[in-house]
Amino acid sequence: MGTNFRIIRDKSAGGLMFILLILSIALLIAMGIGLYWKAAPVFEGRALKELLFSANWKPLKGEFGFLPFVMGTLWVTGIAVLLALPVSLLAATFLTEYAKPFVKKYVFPALDILAALPSVVYGVWGTLIIVPWISEKLAPLFVEHSTGYSALAGGIVLGVMILPLLVSLFIELFSAVPNDLREASLGLGATKWQTTQKVVLKKTIPGMIAAVVLAISRAFGETIAVLMVCGNLAQVPHSLFDPVYPIPALIANNYGEMLSLPLYEAALMFAALILFVVVLLFNVASRMVLYRIEKKAS
Amino acid sequence: MKFFVEKLMRVLMVLSLLLVFGFVISIIFTIFSKGWSAMSWDMITKLPGGGFYIGKEGGFLNAIVGSLYIVGASTLLGLFISIPVVFYLNIYLKKNSKLAYVTRLAYDVLFGIPSIVYGAFAFTIMIYLGIKASLLGGIIVITLLIIPIFVRSMDEVAKEFPREILDATYSLGATRLETIRVVVRQIAPGIATATLLSIGRAIGDAAAVMFTAGYTDSIPTSLSQPAATLPLAVFFQLSSPIAEVQDRAYAAALVLTVIVLILSLLGRYFTNRFSKNKLK
Amino acid sequence: MSTKSSFNSLYNRYSHWRESAAVRRGKMFRPDYKFIRKSDESELVVEDLNVYIKNNHILKNINLTIPDKKITCVIGPSGCGKSTLLKTFNRLIDSVEGVKLDGKVLIDGEDIIHSGTEITELRRKMGLISQRPCPLPMSIFENVAYGCRIHGIRMRRKLNMIVQHYLKAAGLWDEVKDRLRTPATRLSIGQQQRLCLARSLAVEPQFILADEATSALDPISSKIIEDLFVKLKENYSIIMVTHTLHQALRIADYVVFMYLGEVIEAGDAQSVFNNPQHELTKKYLSGAFS
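Chains as they are written, first to last, in my numbering: chain A, 1 to 298; chain B, 1001 to 1280; chain C, 2001 to 2290.
It is worth saying that the hints were derived from the structure and are not from the lab.
Beta carbons: idealized from backbone N, C-alpha and C, even for Gly.
There could be a bad hint or two in this list.
Said to hold, decoys possible - Sample of chain C residues at the chain B side, in silico, Cβ under 8 Å:
#: 1; residue: 2045
#: 2; residue: 2069
#: 3; residue: 2113
#: 4; residue: 2117
#: 5; residue: 2121
#: 6; residue: 2124
#: 7; residue: 2130
#: 8; residue: 2132
#: 9; residue: 2136
#: 10; residue: 2146
#: 11; residue: 2203
Just need the whole structure built from these sequences, with the hints factored in.
Structure representation (structure tokens):
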């Protein structure tokens, strides 16, 4: 094997790997373009504002108002984040600031399992536990009747699903805070919680925001679990116990029949495009913040 | 006052941890208790019989095999694509190169893209190319879905690759490409963990395969035939009004959960075991 | 005869044919494993070498001639650029961010910095032993064989011979001959360093560059390495950076004293140690700073 040959092999392998790398970045762009191209027919004669904020959803008449679905997604995501945020924040604080090693030994596998369970399993769990609990125990306290298949059920299930993501992101952030700062604060006579609150939490606010944005974007696109517990009724919800119809569920439920109506297909692709754009923007923004924090820490 | 707050926060923290454990136990317990009673040997060894969907006999072997086909093929494909990418990122590119930054960002974003969007995108491509919902479609979409997982988690390990080892290899006169043997050996545990993670995600994903792999009662014999998958078996059978059919959904969910639990435990084992006696 | 071994012998014949064909065509690089380096002189001359890393002037106007088949010790306080100098010799410095090289380093009359020298070939010629032993994540055998393999030696028998020979040369053979297949990381740190030495020798270098090669070792292991170097200088030119004056006193034939990126004094060990010309050298040798 001549040296020249080795150099050529090194260079050409490098070229191939470079192409592979570029292709993977191109996939992202191709996705955006592909979805837009497929969704284009629905833009004809309809303003973006109308599409997003009209509540008229009559596909057979060619009226595509996405408001119920947008609201459905927002409600479910909002509830999920509201529920998961305090729990994950407290858990992560405990794990980094207070917990002894043996606690971590048991908690991390548990979080692993939560992160690994497929969404359809969450869906089954939701229909078996959360939905009946809402319809039998919780809902009667507030409203006259609810089937349990509701925004709240979707929010709870989704909240549990994003817990491990939030906890692991928070743990990463908190562990990056240098110990000197904690010791300085403790040395001034602050309690552990005061230290945590004034030093650790305060210092990591930008990172926490980024983490939450990331979790929101994850919750945004979750499909099957939410679809199974949300009720899927195309209306703008008014209470926690109303059924909702989030965007991913819309796509999943109507895929089979969409081919017969070209405009309907375009509308569903538009739904996918909304998800794509939101997730793209949220991810890029939060990742860039997290990268900067990571770089500073190292 | 400040000691009261301290106490209060401690209690809240412990409560939230217990809540996390509660969720885990509740989910596992629900799936096992419901699934176990519906479980039988027939379920995992037989194809759906004639009257399967009105509660007659049969099992969901079709879904198990379909899932294994898709997951196996896409994991292999994913490995073949992502190892070179990770290698290029960490060995060929400089530490703070712009391209590396953009690539990592792109993969993080790809990781965040919901699987339903992957499904929708792959479906448009398939229509464009004239491919029907099939095993091939499922493999393509799942491969796309897991490549970011592969790349991200292997990259995490490869970033920590000791500079000295690389220097030692270069000092022997190796080209960048020739370091690959050393690099792959060193990050082997990372590759193993990444593979387990990807299999876990690939086997549990329903939204992406829904449109691309289709569903069938038989075991596919060629790439162009549709294939059933476990998550979809759960999903479709659960939406049936007949109790016996729903039971099968629980049994399928149990199978899925057991697979995922095993993968997750194995992953833990790998990371623990290899981080202990790994070099440096 | 089993299928496997007949396959092996076929494969060996095939690779032998391939190698000799390539040699006939004159395309192939193949170190000439006679286990003794060819006796012609090797020369390393440094002319006006300047190294900058991100606007820091690390090495300033270095002019040196390294004597052939001697042990050259580079001494000086830490941070004076000794290691940088060594890394320039095998161009490992290229991987440092923001580095700029200026001047000439002539090895056998060829400028390795600007004349477009093939870098992998250069690095083969300049065997580097680093400060901390750094075994590759593979077996003891593979560690030594790795370099030979990348330089095109495939035949099993030949590899066995080479590995055995250089493990012996590094004084490690008797300790590891029964466990060549175990991971190299299980060796003691002193053994690891000798393994690294064997690994470097196995690609047939001309020079051995040792960057504080004994600083991480216990006294007994470092004594073994020192003795090895003394033995090896018959066949190789050895350049070692050292932080301990005593080591230089013990084994150096030629001494280079550096201070803040400059060569203050260079000459025969005898004359530099007994009769230093420069004020700084005197101070350093008397232990005024280190």
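Hint-by-hint comparison with the structure:
no.	hint	result
1	2045	violated, 21 Å
2	2069	violated, 21 Å
3	2113	violated, 17 Å
4	2117	violated, 12 Å
5	2121	holds, 7 Å
6	2124	holds, 4 Å
7	2130	holds, 6 Å
8	2132	holds, 7 Å
9	2136	holds, 5 Å
10	2146	holds, 7 Å
11	2203	holds, 6 Å
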